[in-house]
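Enquirer: Please model the complete structure; the sequences and the hints are all you need to start from.
2 protein chains.
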Amino acid sequence: MGIAERKEREKQQRRNAIIDAAERLIFEKGYENTTMDMVAEEAELSKGTLYLYFKSKEGLYLAINARGMKILEQMFRDAAREVTTGLEKIVNIGKAYFKFSQEFHNYFQAMIHYEAKKPDTDMELPCWDSCETQGMRTLEVVARAVETGIEDGSIRADVDPMQVAMALWGHTTGLIQVLALKVNQLEKFNDVTLEDIINTSFKMTRNGLAG
Amino acid sequence: MGIAERKEREKQQRRNAIIDAAERLIFEKGYENTTMDMVAEEAELSKGTLYLYFKSKEGLYLAINARGMKILEQMFRDAAREVTTGLEKIVNIGKAYFKFSQEFHNYFQAMIHYEAKKPDTDMELPCWDSCETQGMRTLEVVARAVETGIEDGSIRADVDPMQVAMALWGHTTGLIQVLALKVNQLEKFNDVTLEDIINTSFKMTRNGLAG
DNA sequence: ACAACAACTGACTAACAGTCATTTAATAGG
DNA sequence: CCTATTAAATGACTGTTAGTCAGTTGTTGT
Numbered sequence: 025m026g027i028a029e030r031k032e033r034e035k036q037q038r039r040n041a042i043i044d045a046a047e048r049l050i051f052e053k054g055y056e057n058t059t060m061d062m063v064a065e066e067a068e069l070s071k072g073t074l075y076l077y078f079k080s081k082e083g084l085y086l087a088i089n090a091r092g093m094k095i096l097e098q099m100f101r102d103a104a105r106e107v108t109t110g111l112e113k114i115v116n117i118g119k120a121y122f123k124f125s126q127e128f129h130n131y132f133q134a135m136i137h138y139e140a141k142k143p144d145t146d147m148e149l150p151c152w153d154s155c156e157t158q159g160m161r162t163l164e165v166v167a168r169a170v171e172t173g174i175e176d177g178s179i180r181a182d183v184d185p186m187q188v189a190m191a192l193w194g195h196t197t198g199l200i201q202v203l204a205l206k207v208n209q210l211e212k213f214n215d216v217t218l219e220d221i222i223n224t225s226f227k228m229t230r231n232g233l234a235g
Numbered sequence: 025m026g027i028a029e030r031k032e033r034e035k036q037q038r039r040n041a042i043i044d045a046a047e048r049l050i051f052e053k054g055y056e057n058t059t060m061d062m063v064a065e066e067a068e069l070s071k072g073t074l075y076l077y078f079k080s081k082e083g084l085y086l087a088i089n090a091r092g093m094k095i096l097e098q099m100f101r102d103a104a105r106e107v108t109t110g111l112e113k114i115v116n117i118g119k120a121y122f123k124f125s126q127e128f129h130n131y132f133q134a135m136i137h138y139e140a141k142k143p144d145t146d147m148e149l150p151c152w153d154s155c156e157t158q159g160m161r162t163l164e165v166v167a168r169a170v171e172t173g174i175e176d177g178s179i180r181a182d183v184d185p186m187q188v189a190m191a192l193w194g195h196t197t198g199l200i201q202v203l204a205l206k207v208n209q210l211e212k213f214n215d216v217t218l219e220d221i222i223n224t225s226f227k228m229t230r231n232g233l234a235g
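These protein sequence lines map, in sequence, to chains A and V. The first sequence maps to residues 25 to 235 in our numbering. The second sequence maps to residues 25 to 235 in our numbering.
Treat each hint with caution, since some may be false.
It does not matter which identical chain is meant; a pair holds if it fits inside one copy or across any two.
[Stated by the list, open to error] Cross-link-like lysine-lysine pairs, in silico, DSS-like; alpha carbons within 30 Å at most:
| hint | residue 1 | residue 2 |
| --- | --- | --- |
| 1 | K79 | K212 |
| 2 | K212 | K31 |
| 3 | K94 | K212 |
| 4 | K141 | K123 |
| 5 | K31 | K227 |
| 6 | K53 | K94 |
| 7 | K79 | K119 |
| 8 | K119 | K71 |
If you are wondering where the hints come from, they were derived from the structure by calculation, not from laboratory data.
Expert: This is the structure we're talking about:
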């Protein structure tokens, strides 16, 4: 009796179709300027149906965020594979993150949206956990690169890999976020480019970790 | 004719009283869970009056943010004055930022709120510029500390002070933000404390900048 | 053919940001 | 002291939107 399976598959497809529709609108108009009615129309469904698949508008946006996080994890894995020493891996992962924030600017925006929320908000959403574990997996890619670096001697041995991974995650997320906000002011008032600062940051990180 | 001056003074007082009222509510219940009607009642004014003093709810929150930024700038200045070498100043400023995020958690939250917003949103608000220049002043305190460090030899000379200041600002803001979000997961799953990671970050920064 | 169940609908409600015609208070002039 | 003019404040009202739910439509198993 493959009917249950087919139904499950169809349910997932519909769910994805809704996320697709929401993405198209939110990525074009922004989260605040997109209404659930608009999403419903774009998905060719009624509004009520959206709420059968997602608990709330935030929950829907969280599902979009989950997609972005998956892409980011893959980019991190690729970045780590491209080079050999641990320190190189770290720098390359950092570059991948920056690339992600540019190429998938809208997914990055979604990530920021959730990192800015108070911890207690909407913690009960089932999607939240999935994002958390996704984040952990991504973090572990970084931590493993640090371990590699300690082993091959490219990274100083007196640090804890997971702690460094978390610190780097915070550093890079924050830097990209701040720069995204200030690009306008940046290039007019001070005569620095976004890349200048990113490179300065990489230089600092490299020196801070070198063994 | 000191009447105009008195009126101006009264206007500022009323404005401050509104911010006070909004702060009390938002800091207790959170921004999303505070309505303008609630603020009006707390301030013992009608809702319409709030809009004579602030363009929007966001504008009011931005004014709260401005208060926080002033406190932060002062803390940075104090932190820089407490120690002598440039590198020490940088580390001490970092510590001050962390302290700010703990002691004035609600102001930090307000800052995050605006750093997470898209650049184009509400850019026209008069308060925004004030926050931007406030931010620049704060950043200059950091940049000056880096300059001092280059001069006294505690910081490597091959970096641009303003670029380093911006990188550090991004790093630290991001790190604290991420940690604030993950404190729960953090201390349960991995057996690290918030302070451990902050210290790891400081260690990396110190090594990355040392001359 | 029909009962039982699942998926879907869209009109409806509640909540809230922001507005504006009207009222109230303060100031200046005669 | 009275009155005209301007400034400050009001709160009922509007428009928008997230979320709901009683009812309809379609699908499956007997």
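Enquirer: Pop the pair K31 and K227 into one bin, within, between, both or neither, using alpha-carbon distances up to 30 Å.
Expert: neither (53 Å within a copy, 54 Å between copies)
Enquirer: With identical chains, the pair K79 and K212 could be close in the same copy or across copies; at 30 Å between alpha carbons, which is it: within, between, both, or neither?
Expert: So K79 and K212 pass the 30 Å test across copies only (27 Å; inside, 43 Å).
Enquirer: At most 30 Å between alpha carbons: which applies to K53 and K94, within, between, both or neither?
Expert: within (23 Å within a copy, 33 Å between copies)
Enquirer: Classify it for me, K94 with K212: is the Cα-Cα distance of at most 30 Å met within a copy, between copies, both or neither?
Expert: between (35 Å within a copy, 24 Å between copies)
Enquirer: Using 30 Å as the alpha-carbon threshold, which applies to K212 and K31: within, between, both, or neither?
Expert: neither (56 Å within a copy, 38 Å between copies)
Enquirer: At most 30 Å between CA atoms: does that hold for K119 and K71 within a copy, between copies, both, or neither?
Expert: This pair counts as neither: shortest intra-copy Cα distance 40 Å, inter-copy 49 Å.
Enquirer: How do K79 and K119 come out at 30 Å by Cα distance, when the copy is not named: within, between, both, or neither?
Expert: So K79 and K119 fail the 30 Å test inside a copy (35 Å) and across (40 Å) alike.
Enquirer: Taking 30 Å as the upper bound on the Cα-Cα distance, should K141 and K123 be classified as within, between, both, or neither?
Expert: Classified as both: same-chain Cα gap 24 Å, cross-chain 20 Å, threshold 30 Å.
Of the numbered hints stated above, those contradicted by the structure are hints 2, 5, 7, 8, listed in ascending order.
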